[in-house]
Every structure is written in structure tokens, then in C-alpha cells.
Amino acid sequence: MATISQLPGALTLNAVAGDPAAIQFNVTLTDADGNPIDWSNASNFAMAVTNQYGASIAGAIPTVISPEANVVEVTWTSEQTALLGQTQQARMAFSLFVYDAGPYTLASGPIVMTPPTYPGQA
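Going by the working numbering, the sequence shown opens with residue 26, and the numbers climb by one from there.
Bear in mind the hints are in silico, worked out from the structure with no lab data behind them. Treat the numbers as computed from the prediction; the structure is a model and nothing was measured. One thing to keep in mind: the hints can contain errors.
Stated by the list, open to error - Now the in silico label distances, taken between C-beta atoms and shown as ranges: (1) A57 with V96: 20 to 26 Å; (2) D63 with T100: 21 to 27 Å; (3) G84 with W64: 29 to 35 Å; (4) G134 with E104: 21 to 27 Å; (5) T142 with W64: 36 to 42 Å; (6) Q113 with S91: 29 to 35 Å; (7) A80 with A35: 19 to 25 Å; (8) D44 with D125: 33 to 39 Å; (9) V123 with N39: 27 to 33 Å; (10) I90 with T130: 14 to 20 Å; (11) T130 with V96: 15 to 21 Å; (12) P140 with T53: 32 to 38 Å; (13) A35 with A83: 24 to 30 Å.
For glycine and all other residues, C-beta sits at the position ideal for the given N, C-alpha and C.
Make the full structure from the sequences, and use the hints.
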């Protein structure tokens, strides 16, 4: 598991085009003095997905939820990963707000989609 202490952290996402994909972020928020910030002060969790020109990729924005304190889950459908597989140099940026300030980007980097392979094919 990667630990990011300097923001934004560099992160490459790898998935198979045409298959559902997901990533879970376990987030600990602290203030400048290292004191914990309660998760109830975090909001507006988002995953931006852009092409090589920085334009949002319509139809490829994943579902982003926080099912419990300090956890954010990001999921793409098989249709969304198929679309990303057709996009050159797709990039992502995961961000949130703290105390209604932000967005603070926690991680960003390329999305690498591998073409699907089938038994018996090279």
C-alpha cells in the first residue's frame, strides 16, 4: 500500500479496458501541527478524469463514495473503462474539501488501460 505524505501524491492507475475497476483510498487528515481532523469535516470527494489536453472525458467520470470514516471508494463500470481504453494519455486527480476549503488534490497521475486478452491469444 502506498503512503502519500506530500500532496499531491503521484499515482498510476492500471486496469483492464472493458472490465469494472475500483480503487480504495484510506485517508488520514491532519492539520499543519499534525493534529487529527475529524472525517466529518471532509466533503466533495471527486475524481477528475481528463484527456491529454486536460479536457474532462465525458462518460468516464467514476462513482466516488465514502462508505465509512477515512475511506473513499472510486469505481468505474466496464463501459467507462472501455471508453478510457480508447483515450490516449488519460489522467486522473483525486480531491476533496476540508472545512469547506479546497479542493485539495491528494493523488494524481496517468490512467493506464490494458487491452483485454483472452485464453489462446498472444
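Hint check results:
no.: 1; hint: A57 with V96: 20 to 26 Å; verdict: holds, 24 Å
no.: 2; hint: D63 with T100: 21 to 27 Å; verdict: holds, 25 Å
no.: 3; hint: G84 with W64: 29 to 35 Å; verdict: holds, 30 Å
no.: 4; hint: G134 with E104: 21 to 27 Å; verdict: holds, 23 Å
no.: 5; hint: T142 with W64: 36 to 42 Å; verdict: holds, 40 Å
no.: 6; hint: Q113 with S91: 29 to 35 Å; verdict: holds, 31 Å
no.: 7; hint: A80 with A35: 19 to 25 Å; verdict: holds, 21 Å
no.: 8; hint: D44 with D125: 33 to 39 Å; verdict: holds, 36 Å
no.: 9; hint: V123 with N39: 27 to 33 Å; verdict: holds, 29 Å
no.: 10; hint: I90 with T130: 14 to 20 Å; verdict: holds, 19 Å
no.: 11; hint: T130 with V96: 15 to 21 Å; verdict: holds, 18 Å
no.: 12; hint: P140 with T53: 32 to 38 Å; verdict: holds, 36 Å
no.: 13; hint: A35 with A83: 24 to 30 Å; verdict: holds, 26 Å
Comparing the model with each numbered hint stated earlier shows that all of them hold.
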